[in-house]
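Undergrad: Residue-level listing of the chains:
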Amino acid sequence: MTALMNQDEFRTALENAIKGRAATRSPFSIAWAEGKLSRAHLSRWAENHYHYVGPFADYLAYIYAHMPDRFTDAKDFLLANMYEEEIGGDRHTDLLIRFAEACGTTRERVIDPDNMSPTTRGLQSWCYAVAMREDPIVAVAGLVVGLESQVPSIYRKQTPTLRDKYKFTDEEVEFFDLHIVSDEIHGERGYQIVLEHADTIELQQRCLKICEVGAQMRLLYTTALYHDYVASELPLAELEPAIA
Amino acid sequence: MPKVIFHKHGQVHEGEVKDNTNLVVRAGIKQFPFPHLRYGCGMGKCSKCACRVEAGAEHLPPPNWKERKMLGGNLERGYRLCCQLWIHQDITLMQDSDEVWAATIKPPESESETK
Numbered sequence: 076m077t078a079l080m081n082q083d084e085f086r087t088a089l090e091n092a093i094k095g096r097a098a099t100r101s102p103f104s105i106a107w108a109e110g111k112l113s114r115a116h117l118s119r120w121a122e123n124h125y126h127y128v129g130p131f132a133d134y135l136a137y138i139y140a141h142m143p144d145r146f147t148d149a150k151d152f153l154l155a156n157m158y159e160e161e162i163g164g165d166r167h168t169d170l171l172i173r174f175a176e177a178c179g180t181t182r183e184r185v186i187d188p189d190n191m192s193p194t195t196r197g198l199q200s201w202c203y204a205v206a207m208r209e210d211p212i213v214a215v216a217g218l219v220v221g222l223e224s225q226v227p228s229i230y231r232k233q234t235p236t237l238r239d240k241y242k243f244t245d246e247e248v249e250f251f252d253l254h255i256v257s258d259e260i261h262g263e264r265g266y267q268i269v270l271e272h273a274d275t276i277e278l279q280q281r282c283l284k285i286c287e288v289g290a291q292m293r294l295l296y297t298t299a300l301y302h303d304y305v306a307s308e309l310p311l312a313e314l315e316p317a318i319a
Numbered sequence: 002m003p004k005v006i007f008h009k010h011g012q013v014h015e016g017e018v019k020d021n022t023n024l025v026v027r028a029g030i031k032q033f034p035f036p037h038l039r040y041g042c043g044m045g046k047c048s049k050c051a052c053r054v055e056a057g058a059e060h061l062p063p064p065n066w067k068e069r070k071m072l073g074g075n076l077e078r079g080y081r082l083c084c085q086l087w088i089h090q091d092i093t094l095m096q097d098s099d100e101v102w103a104a105t106i107k108p109p110e111s112e113s114e115t116k
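Those protein sequences? They're chains A and B, same order as listed. The first sequence begins at 76 in this note's numbering and counts up one residue at a time. The second sequence begins at 2 in this note's numbering and counts up one residue at a time.
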C-alpha cells in the first residue's frame, strides 16, 4: 500500500514523474538543440508558444482564487509569480514577441489565435481546465511543477544554441535568458507549495499523476510542432540517432 | 556546499547553499539570504540585487551582457548582479543600503521601471 512520503521523498517522486516524459525528448526540441530549425520554424514555434504561456498569469489567477485563505504563503507565492510574469520587469510575452520578430514573423501574427495549432489549443485548454477545476494544490503541481519548472533546463540547453548556431543577438534571445532565472524561482515556489500542503496520501498521488500528465501534455505539444511545421522538411531519420 | 557571507547594514549573515545556487532564486522562495538580499525583477533589468563581491570573485564567470549593460563602471568596483550568478564556491558579498544603491547604481527610470 502507498504510504505518505516525507518532503524529500515526495520531491524526488515529483521530479521522477516529470523526468520520464520531459519535453527535451521531443524531435522539435532535439532539432532545435542541434541547430537544424529554420527561422520560419522558430516563427511558428513563437506563434504557438505565445498562446500557451501568454495566459500563464490567468491560469495562476484561477488557482489563487481557489487557494484557501489560510495558505497565506502559497497565495503570496502565486501572486508574486503573476506579478513577475506581467509587470515585474519587461512583460514576458513582449520578449517572446521580440524573439518572434527577429525570426521574421510579426506581432500581429503572434497574437492572432488563429495561428496556433489544434494541439496548442488543446494544451491551453488543459491548462485552463486544471486551473479552474482541480484542487488548487494539485493544480500547482500540474502547471507550476509539471510545466513551468521544466523551463530552466530546456532553455539552459537552447539559449547558447540560439546565440551560437542561429546567430541571434543577446537582446533577441532575452526571453530565454530571463526564464532561466524567473522560472527557476517560480518552479521552486511551486515545489514549496506542493511539498508543504499535499499532506495526505491521496493528495500526493494526485499531484504525482498530474505532474506526469502535465509533462505528457508538454511533450505532446512540442512533438506536434515538429509534425505540423518541420517534418516535411526535416525527416525524423535525420534526428533519429539523437532520439534513440 | 558553498558558504555565503552576506554583509548588509553593518551586519553579517552567513549560510550554506547547495552547489549551483542562484541567491535571487533562494530569496524568491524565502530562504537564506532572504530577507536580507534586496532583489527585484530577477531578470537583470533593475539592478536591485547588485552586490559588491568582497571575496571569491575569482570563482565567478565573467560578467554577462546584462551585467555589463546595467552595471557599467560599477563592474570595476567589484559589483555583480546576484540574479545572474550561480554560486559554486565560497563567496562574500556586500549589498548597499537602498539609499546608496539609488545614488550609485540604480539605472534611469526608463531602464528600471519598464512595464
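Incorrect hints may appear among the rest.
Claimed, not checked - For the chain A half of the interface with chain B, some residues (derived, Cβ under 7 Å), not all of them:
1) Glu247
2) Ser257
3) Gln267
4) Glu271
Unchecked claim - As a list, the in silico BS3-like pairs of lysine-lysine whose alpha-carbon atoms are at most 30 Å apart:
5) Lys9(B) with Lys19(B)
6) Lys232(A) with Lys9(B)
7) Lys31(B) with Lys94(A)
8) Lys111(A) with Lys284(A)
9) Lys19(B) with Lys284(A)
Worth flagging that the hints you see were computed from the coordinates, not collected in a lab. It should be emphasised that the depicted structure is a prediction, and the values quoted were computed from it without experimental measurement. Beta carbons are placed, not taken as given, at the ideal position from N, Cα and C, and that holds for glycine.
Undergrad: Each hint should be assessed against the structure and marked as holding or not.
TA: Hint by hint, here is what the structure shows:
no., hint, in the structure
1, Glu247, "violated (12 Å)"
2, Ser257, "holds (5 Å)"
3, Gln267, "holds (6 Å)"
4, Glu271, "violated (11 Å)"
5, Lys9(B) with Lys19(B), "holds (22 Å)"
6, Lys232(A) with Lys9(B), "violated (35 Å)"
7, Lys31(B) with Lys94(A), "holds (26 Å)"
8, Lys111(A) with Lys284(A), "violated (34 Å)"
9, Lys19(B) with Lys284(A), "holds (28 Å)"
The structure fails hints 1, 4, 6 and 8 (numbered hints given earlier, in ascending order).
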